[in-house]
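> Sequence:
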Amino acid sequence: MPLVIFFSVLLGLFTLELMDPVQIWVIQPITAGIAHVSASLLQLFDSTVHAQGILISNRETGQAVSIQPGCNGVEAMICLTAAVMATPATWRQRLFGLGIGYLAIQALNILRVISLFYLLQWNQVWFEWAHLYLWQALIILDGLIVYLLWLRTLNRVQTTETAPA
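Going by numbering that gives the first Met the number 0, the sequence shown opens with residue 0, and the numbers climb by one from there.
The set of hints was computed from the structure by calculation and includes no laboratory data. Idealized CB from N, CA, C, for every residue including glycine. Just so you know, not all the hints are guaranteed correct.
Listed next, with one range per pair, are the computed distances between beta-carbon atoms [claimed, not checked]:
{"#": "1", "residue 1": "S7", "residue 2": "Q62", "range": "37 to 47 Å"}
{"#": "2", "residue 1": "N154", "residue 2": "S39", "range": "33 to 43 Å"}
{"#": "3", "residue 1": "T60", "residue 2": "G11", "range": "18 to 28 Å"}
{"#": "4", "residue 1": "L2", "residue 2": "Y117", "range": "14 to 24 Å"}
{"#": "5", "residue 1": "N154", "residue 2": "R58", "range": "42 to 52 Å"}
{"#": "6", "residue 1": "Q62", "residue 2": "G11", "range": "13 to 23 Å"}
{"#": "7", "residue 1": "L143", "residue 2": "G61", "range": "29 to 39 Å"}
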């Protein structure tokens, strides 16, 4: 049954993500928020950085990164959601796991955007390699690690609740 739940939630959320209203009202604002948070952090060190919508640019060099679908961490959040929903737990435990997981995924994603922005300024080849191979895997791995850590907390709670007196 957990596999059925996992794949049902996964399929449902990926289908939902592709719908235009969800793209307009949920995904695009999340992506623009990631761009603005990333640009705000970059501006602490570089005043020439500017964010507009999903684009982060350098006013001096003209180079820019655009946070496109698939680069906003939403897919990793969907995978985490499906895994958490398929795991036997209370709703409170699930919400805790999702909250911590979403924060961890987006924190790493912001680090990803910042590093890719600077890699683009330095070397296009390294930017492409890091973007296509390194960071794609690390974001999904982040979701998996958060899920496994959350599972450990579930096991500890269940062990202490069922321990004989």
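> Next, verify each hint and record whether it holds.
Status of the hints after comparison with the structure:
1. S7 to Q62: 37 to 47 Å: Once the Cβ atoms are compared, 42 Å apart, the range 37 to 47 Å for Q62 and S7 holds.
2. N154 to S39: 33 to 43 Å: 38 Å, holds
3. T60 to G11: 18 to 28 Å: 43 Å, violated
4. L2 to Y117: 14 to 24 Å: 41 Å, violated
5. N154 to R58: 42 to 52 Å: Given about 51 Å between the Cβ atoms, the range holds.
6. Q62 to G11: 13 to 23 Å: At roughly 38 Å between Cβ atoms, G11 and Q62 fall outside 13 to 23 Å, so the hint is violated.
7. L143 to G61: 29 to 39 Å: 37 Å, holds
Hint compliance for this structure: hints 3, 4, 6 are broken, all remaining hints hold.
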